[in-house]
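Asks: These are the residues of each chain, in order.
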Amino acid sequence: GAVVSQHPSRVICKSGTSVKIECRSLDFQATTMFWYRQFPKQSLMLMATSNEGSKATYEQGVEKDKFLINHASLTLSTLTVTSAHPEDSSFYICSALPSSYLAGGTDTQYFGPGTRLTVL
Amino acid sequence: QKEVEQDPGPLSVPEGAIVSLNCTYSNSAFQYFMWYRQYSRKGPELLMYTYSSGNKEDGRFTAQVDKSSKYISLFIRDSQPSDSATYLCAMGAGGSEKLVFGKGTKLTVNP
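These protein sequences, in sequence, are chains A and B.
So the first sequence is numbered by this note's numbering: it starts at 1 and just counts up by one.
So the second sequence is numbered by this note's numbering: it starts at 1 and just counts up by one.
Bound-form chain B, shown alone:
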């Protein structure tokens, strides 16, 4: 079993839809959970950062972490064409420990 599993998609939704992106993981030592957005031919951009379990909201984005199920989610409300990108989940045990990335989910929001 891979440490982090993420459905690569692609995922195509109409503008205004609610998007749900998910990752599962196997390492119970992970404490820090992040979502990055990566546009084509660009470096990843940090979207959300969550420590341990719980929800975090930032504008149209909500990140959820369920450590008991080893499952994290990113919700995008009122999706926009500019949200079209690849979304990568990442997690780590903390400190200078390396992050483990999911494969990324390619999202297209159609006008």
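This is chain A alone, in the form it adopts within the complex:
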């Protein structure tokens, strides 16, 4: 159980285009999902916290107009990188927090396999 998928697994795009990344919790509902980015040999950097039905909370220094997050259902959150540039090239990883934690369940995050974005 507790499987999180991401699509696509890798994407190559031209500078100036927009890219959408999907994060799905496959066998549980997730009120909260998180988006991270990871540069080579670096740890995960939290970009934003996504809550179903409300606006995402962005970490300091993350441009909310550039990284659009939509958490439209309890199993799907999307990250759209708008007008991507080469410096946006990175490994983007989402995680999902099972809603069951509200009822005393484990409140640990389960991660997706990541999406490697390359902007030419």
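Fair warning: there could be bad hints in the mix.
Computed list of lysine to any residue pairs in SDA-like fashion (alpha-carbon distance at most 25 Å, straight line) [to be verified]:
{"id": "1", "chain 1": "A", "residue 1": "41", "chain 2": "B", "residue 2": "82"}
{"id": "2", "chain 1": "B", "residue 1": "98", "chain 2": "A", "residue 2": "29"}
{"id": "3", "chain 1": "A", "residue 1": "64", "chain 2": "A", "residue 2": "2"}
{"id": "4", "chain 1": "B", "residue 1": "98", "chain 2": "A", "residue 2": "46"}
{"id": "5", "chain 1": "A", "residue 1": "41", "chain 2": "B", "residue 2": "47"}
{"id": "6", "chain 1": "B", "residue 1": "42", "chain 2": "A", "residue 2": "120"}
{"id": "7", "chain 1": "A", "residue 1": "64", "chain 2": "A", "residue 2": "100"}
{"id": "8", "chain 1": "A", "residue 1": "41", "chain 2": "B", "residue 2": "11"}
{"id": "9", "chain 1": "B", "residue 1": "98", "chain 2": "A", "residue 2": "7"}
{"id": "10", "chain 1": "A", "residue 1": "20", "chain 2": "B", "residue 2": "41"}
{"id": "11", "chain 1": "B", "residue 1": "42", "chain 2": "A", "residue 2": "8"}
{"id": "12", "chain 1": "A", "residue 1": "55", "chain 2": "A", "residue 2": "40"}
{"id": "13", "chain 1": "A", "residue 1": "55", "chain 2": "B", "residue 2": "41"}
{"id": "14", "chain 1": "B", "residue 1": "106", "chain 2": "A", "residue 2": "85"}
{"id": "15", "chain 1": "A", "residue 1": "41", "chain 2": "B", "residue 2": "46"}
{"id": "16", "chain 1": "B", "residue 1": "98", "chain 2": "A", "residue 2": "120"}
{"id": "17", "chain 1": "B", "residue 1": "42", "chain 2": "B", "residue 2": "8"}
{"id": "18", "chain 1": "B", "residue 1": "103", "chain 2": "A", "residue 2": "9"}
{"id": "19", "chain 1": "B", "residue 1": "2", "chain 2": "A", "residue 2": "61"}
{"id": "20", "chain 1": "B", "residue 1": "67", "chain 2": "B", "residue 2": "13"}
{"id": "21", "chain 1": "B", "residue 1": "98", "chain 2": "A", "residue 2": "26"}
{"id": "22", "chain 1": "B", "residue 1": "106", "chain 2": "A", "residue 2": "29"}
{"id": "23", "chain 1": "B", "residue 1": "98", "chain 2": "A", "residue 2": "51"}
{"id": "24", "chain 1": "B", "residue 1": "2", "chain 2": "A", "residue 2": "57"}
{"id": "25", "chain 1": "B", "residue 1": "42", "chain 2": "B", "residue 2": "73"}
{"id": "26", "chain 1": "B", "residue 1": "42", "chain 2": "A", "residue 2": "11"}
{"id": "27", "chain 1": "B", "residue 1": "98", "chain 2": "A", "residue 2": "99"}
{"id": "28", "chain 1": "B", "residue 1": "106", "chain 2": "B", "residue 2": "18"}
{"id": "29", "chain 1": "A", "residue 1": "41", "chain 2": "B", "residue 2": "49"}
{"id": "30", "chain 1": "B", "residue 1": "42", "chain 2": "A", "residue 2": "53"}
{"id": "31", "chain 1": "A", "residue 1": "41", "chain 2": "B", "residue 2": "67"}
{"id": "32", "chain 1": "B", "residue 1": "42", "chain 2": "A", "residue 2": "49"}
{"id": "33", "chain 1": "B", "residue 1": "70", "chain 2": "B", "residue 2": "19"}
{"id": "34", "chain 1": "B", "residue 1": "106", "chain 2": "A", "residue 2": "45"}
{"id": "35", "chain 1": "A", "residue 1": "20", "chain 2": "A", "residue 2": "118"}
{"id": "36", "chain 1": "B", "residue 1": "42", "chain 2": "A", "residue 2": "62"}
{"id": "37", "chain 1": "B", "residue 1": "2", "chain 2": "A", "residue 2": "59"}
{"id": "38", "chain 1": "B", "residue 1": "42", "chain 2": "A", "residue 2": "54"}
{"id": "39", "chain 1": "B", "residue 1": "42", "chain 2": "A", "residue 2": "68"}
In case anyone wonders, no lab produced these hints; they're calculated from the structure.
Place chain B on chain A using the hints.
Replies: Below, chain B alone, put in the same frame as chain A:
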């Protein structure tokens, strides 16, 4: 002082060795402590989850939390080449609070 400190290594050990990985932290509000394993170009995989202080064992893995010292450890017994990965500690205050990650320790187990 960073919230979470983790020696990035790299750490190289022979097969069968006992591996000790550690993190220290400064935020006394942290209640939940996790260890994730991340293979190259993959998402992190949850290995161990511990609430508050104490030990937890799962197969060859043992996680220890000492809240009085703000120190957590992951021990790997009888290490295998397949254990070669980056190990990330993570901790949080709980609920929907964000996790804070260590930088990760890159481990190589040599056959």
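Asks: Does each hint hold? Answer for all of them.
Replies: Hints, one by one, checked against the model:
no., hint, result
1, A/41 to B/82, "holds (19 Å)"
2, B/98 to A/29, "holds (18 Å)"
3, A/64 to A/2, "violated (28 Å)"
4, B/98 to A/46, "holds (8 Å)"
5, A/41 to B/47, "holds (20 Å)"
6, B/42 to A/120, "holds (22 Å)"
7, A/64 to A/100, "violated (28 Å)"
8, A/41 to B/11, "holds (14 Å)"
9, B/98 to A/7, "holds (23 Å)"
10, A/20 to B/41, "holds (19 Å)"
11, B/42 to A/8, "holds (13 Å)"
12, A/55 to A/40, "violated (29 Å)"
13, A/55 to B/41, "violated (30 Å)"
14, B/106 to A/85, "violated (30 Å)"
15, A/41 to B/46, "holds (19 Å)"
16, B/98 to A/120, "violated (32 Å)"
17, B/42 to B/8, "holds (18 Å)"
18, B/103 to A/9, "holds (23 Å)"
19, B/2 to A/61, "holds (18 Å)"
20, B/67 to B/13, "violated (28 Å)"
21, B/98 to A/26, "holds (21 Å)"
22, B/106 to A/29, "violated (32 Å)"
23, B/98 to A/51, "holds (12 Å)"
24, B/2 to A/57, "holds (22 Å)"
25, B/42 to B/73, "holds (23 Å)"
26, B/42 to A/11, "holds (15 Å)"
27, B/98 to A/99, "holds (15 Å)"
28, B/106 to B/18, "holds (15 Å)"
29, A/41 to B/49, "holds (24 Å)"
30, B/42 to A/53, "violated (29 Å)"
31, A/41 to B/67, "violated (28 Å)"
32, B/42 to A/49, "holds (21 Å)"
33, B/70 to B/19, "holds (20 Å)"
34, B/106 to A/45, "holds (17 Å)"
35, A/20 to A/118, "holds (13 Å)"
36, B/42 to A/62, "holds (23 Å)"
37, B/2 to A/59, "holds (17 Å)"
38, B/42 to A/54, "violated (29 Å)"
39, B/42 to A/68, "holds (23 Å)"
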